[in-house]
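Protein chains in written order, with the numbering used here: chain A, 1 to 111; chain B, 1001 to 1276.
It should be emphasised that the hints constitute simulated quantities derived from the structure, not laboratory data. Mixed in with the good hints, there may be bad ones.
Using 16 Å as the maximum straight-line C-alpha spacing, the simulated EDC-like pairs for lysine to aspartate or glutamate come out as follows [said to hold, decoys possible]:
#1 A:K46 to A:E3
#2 A:K68 to B:E1027
#3 A:K36 to B:D1034
With beta-carbon atoms standing in for the labels, derived distance ranges [unchecked claim]:
#4 A:Y43 to B:D1098: 55 to 61 Å
#5 A:K59 to B:N1183: 46 to 52 Å
#6 A:Y43 to B:K1040: 22 to 28 Å
Stretches of chain A that chain B covers, calculated by requiring three or more beta carbons in the stretch to come under 8 Å of a beta carbon on chain B [unchecked claim]:
#7 34 to 47
#8 50 to 61
None of these values were measured; they are calculated from a predicted model. Just so it is clear, CB atoms sit at the ideal spot from N, CA and C, and this is done for glycine as well.
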Amino acid sequence: MQEISSDVIRGYNDTIILFFLREEPSYGYEISRNIKTLSENKYLIKETTLYSAFTRLEKNGYITSFSKEAENGKRRTYYQITDSGLEYYREKCEEWQLTKDVIERFISEKN
Amino acid sequence: METIKNYLETMFANLPDTEETRRAKSELLSMMEDKYNELKAQGMAENAIVGTIITEFGNIDELKESLGLGKAPEPVTTVATIENITYENTEKRMLTIDEASDFAMDSALCTFIFGLGVFFCIISPAGPVFFSGFEELFGSNPLTDFISSFGVAFLFLSVAIGVGLILLSGNKKKGWEFLDEGNCGLESETEEFVKREIAENNTSQNFMFALGVGCCICSVIPVTVLGAMKIAVLESAVGPSLLFVLVGIGVFFILNSSRKVSAYQRLLSLNENTAE
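So that you can see chain B by itself, here it is in the shape it has in the complex (with noise of 0.2 Å):
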């Protein structure tokens, strides 16, 4: 009979100490105490009794639910089963809207920056070959040679402010790091967020692709044009210097006109890598 009263204190172990608990206590060891002696009468082996009571004795679960504890420990099951979910979407971090928008926010002023920056180099050697073009005009004399080294300064200063802009850029893209480290994804909110933005974007970023290419193609009109009227001070030193702008014009319009889509788009590509 210790045995089981032992089996039935384990069982309560884990229950709280109330009145209905306690009664539930004495009325199960009540009934078991009643089969134990029958079963004895019957001259049942005592290792055969505490089987047969043991497990006939049933649930605990069920003995819960009933005393109204089933409230309680469920949650904790609950809880257990929310923790186990989010523990494996903590390994896959969960981007919110939110977080969405300030990473295309981000990389969009990133590729902004980026973009004026390659603009900045592209454009330098029109400082030179601006200034230089009076050189040309007028022979080389002290004035065209201080004007000429107005060019040179431009073009120093030029890719500094350009390779200054470049490096600023890659600054923007820190805090999203953990992106490239994978285990991320997009919750179906965000998803839907990101796919409407790209969508939105689309015609917008088709028509900045469109204009940089349209400046691109165009650069060598100003030569062209500006060379074929012979006037010297255009053909020499504004026709040229255009190109330089143009292109850099073009190329910035054309790296930026994908800036937002391609962040979204990256945003997508981790839930693509979450599904597999």
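Next up, chain A with everything else stripped away, as it sits in the complex (with noise of 0.2 Å):
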């Protein structure tokens, strides 16, 4: 099976990320796994790009995080999505309807 492309894919990780984010806080596992569930196994996030990602994000002021203790007392970190992050979002799904549009245009089925 062709295998999704982390170039292709990579300007995207954000929305995606923000997605999930924008129901409820969760934390690094539970999006990738979130993630995996969604797409249908078909794009399994890297750790280090999920962790970027976060940072990424962090720093532009789009979530931010806390640590929570988990039902099963473990402490994990939690992110939480900000204002200016469900704009960002919004914006990235409109960019991405531009960007399909466009692309659309050049994809063919017949060789």
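Put the two chains together into one complex; each comes in its own frame, and the hints tell you how they fit.
Dropping the structure here:
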């Protein structure tokens, strides 16, 4: 099966993460697992990619982090979306619509 | 789980121990731990779990970049590439404009001294010829013998000076031997400079060369003209000795005409070799 290219998806990792954080604060592995589930195993985000995205998003003020004890007693860092993060997410969605629209014009089933 | 911890430690081994990297490490470990527990719960074999986690870990360089360490290792790689390039270049030593200009000056001076040496060697017979003319004129007597000994002295002295200068001229070439060893080239600016210099010196080169050839051709004129005048002192002494002097001057000019241009062409040829 054709694997997804990390180069192509790079610009949208932030969007994917923010998509989940819009609903509720979450932590690294949960997001990673959700991505896998929602993409039906087609996209497995690498740990380093995910953590890099967290630090970038936090630096840009799109998310904040806090430490919380999970049900099993394990301490985890949770990430929460900010208002500017929500706005950024919407912008990225619009950008994707445009990108998709443009790229699709150049995708042909015929050889 | 120990294998994974060790793997993470190894990945972080080259990173500076800052708060940010420590946080990154603990976050990554937390994620990997979660994944480990889940896969374990699914009944996956230990080896398979470790394999999965490591393949899905990703790339430490990506992490460095996001931790702002990208800048630190990046110049290192840039330096490394620069070093590689200069390494190739030091194999091919690149000459600067100053060096090219110095080389041209040195070679020009060297040619000048060499030319002067040749000049003295060529004119050396003029001495005996000139002074023996007196002997022919006044017959052999102690005075003309004495005078003609000047001629011989002049011959030896002139040859001595000439040879001395020729030997000395080689001295100026010292310090530039590395050009002969190959592995040299010109920087692109230097190449431009050299080409410009060649163009500028072309006219004076042609002029000097023509002057030299002219002198050589004209060297026979005094002999024929003065010979035709039938004045003994001019015919037997001045005329023939002038021949030597004119040839000497001519050869001097011919040798010197290309002193700078040939040096510059020599430099250009270094780059042609480099291009091969």
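Which hint numbers doesn't this structure obey? none
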